[in-house]
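Whenever a hint applies, use it, and build me the whole structure from the sequences.
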Amino acid sequence: MPELPEVQTVLREVVKELQDARIEGLECLYPGTVIVDPELRGIAWPATLTGYERRGKYMLLHLSRGNSLIIHLRMTGKLVSTRIKDEASCHERACILLEGGHKLRFVDIRTFGKITLCRTENIPRFMPNLGVEPLGGDFTPAYLKQLFRQRKTPIKNALMDQTLIAGLGNIYANEILYRSRIDPQTPAGSLSLHKLKRLEEQTRAVLSEAIAMNGTSISDFRRVDDKSGEFQNFLQVYQKEKCPRGHSVQKIKQGGRSTFFCPVCQK
DNA sequence: CAATGATCCTGTCCGC
DNA sequence: TGCGGACAGGATCATT
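Numbering of the first sequence is given in numbering that gives the first Met the number 0, commencing with residue 0 and proceeding in unit increments.
Be a bit skeptical, because a hint or two may be false.
Straight-line C-alpha distance at most 27 Å; calculated DSS-like pairs for lysine-lysine [to be verified]: (1) K194 / K239; (2) K241 / K196; (3) K84 / K144; (4) K194 / K266; (5) K250 / K266; (6) K102 / K84; (7) K252 / K241; (8) K194 / K102; (9) K266 / K252; (10) K194 / K250; (11) K144 / K102; (12) K144 / K196; (13) K102 / K15; (14) K266 / K241; (15) K196 / K266.
Treat the hints as calculated values from the structure; they're not laboratory data.
Here it is, written out as C-alpha cells:
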C-alpha cells in the first residue's frame, strides 16, 4: 500500500521520467479516475514539468501553462513507464502521454486512485486538509503533545489520521509503534512527552530507512520501473507471527484496520 | 469538534 | 470444481 516512502519513491522516478520529455496529454480510461478542474480552460498540452513536491501521500507535479497534476495512488495505483515495460493491462485507468509515443500508464486494480489536472492556484480546492509532515521540522514531541491533547482515540488511529499527520498508513503505523515500544491502543492524549520523543525519533527513522530502500512491496506495490522496494524485508511486526525478540505478535482490529503488535515489548 | 462506521472496488484466499 | 464470504485498505461522507 503506497504510504509516504512509496509515494516518495514513485515521485522521484516519475520526475526522472517526465523531466526531459514533453507531456502531450492525459487520457482517462476509467470513469472518474481523471478529474479536470472546470476552471482549466484552453489547451493544457503540450506541457513540461516545472516543479514537484510530495504532500502526505499526494504527488504534485507542476506543469508549464500554470497547471498541475495531483496524483494519489490510493491502495493499488501504480505508474508504469512504457520505456521499461510496454505491456497492456486491463487495469490501466489513465495514461500520461509523452513525446515520442512513450507513456506513463496509471494502472490501478481497485480503481480508487485519482489523477487531477487543475490550475496550480486551485490545488487547495482539490486537496483535503493535511496534517504535519512527519519528516519536517515541525514534527516534534512538543507539537505531538499539543496535537494529541484531549484525544482519546488510540494512538494507532491518530497516526493514520491524515488530518493530524500526513503520510502514514497501516504498515508504517504498526512498525513505528513497535519500534517506539508503545501499545497501539494507548489513548493518544495520554502519551508522555518521553514516549512522544521515542515516537518522533522512530517515525523519522522508519520512514528514512524505508525511503532509502525504495519503499515496501507488500502485495502489489511496484516502482515505476516495475522493481520492488526492499523495506518489506525489514518489517518487524506487520503480518509477522513473532516479533524480533521472539514474542508472539497479536493481531487486533482498530478502526476497521489490522493492527499487529507485541504485548510484551509495547506498553 | 471528535469519533465511528459504511462505502467504494477487485483480486485472493479459505471453507464447504 | 465452484461458490459464497471474508479480507485487504485510503479517503470520504454520513451519523452519533
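Tested hints:
1. K194 / K239: Distance ~24 Å between K194 and K239 Cα, so the pair holds.
2. K241 / K196: OK: K241 and K196 at ~26 Å, within 27 Å.
3. K84 / K144: 47 Å, violated
4. K194 / K266: Status holds; Cα separation ~10 Å.
5. K250 / K266: With Cα atoms ~15 Å apart, K250 and K266 stay inside 27 Å; holds.
6. K102 / K84: 10 Å, holds
7. K252 / K241: At roughly 18 Å apart (the allowed maximum being 27 Å), K241 and K252 satisfy the hint.
8. K194 / K102: Measuring from Cα to Cα gives roughly 47 Å; hence the hint is violated.
9. K266 / K252: Holds, because 18 Å separates the two Cα atoms, which is no more than 27 Å.
10. K194 / K250: 22 Å, holds
11. K144 / K102: The hint is violated at about 46 Å.
12. K144 / K196: Roughly 10 Å between the alpha carbons, so the hint for K144 and K196 holds.
13. K102 / K15: Roughly 13 Å between the alpha carbons, so the hint for K102 and K15 holds.
14. K266 / K241: Holds, because 17 Å separates the two Cα atoms, which is no more than 27 Å.
15. K196 / K266: Judged against 27 Å, a Cα distance of about 15 Å means the pair holds.
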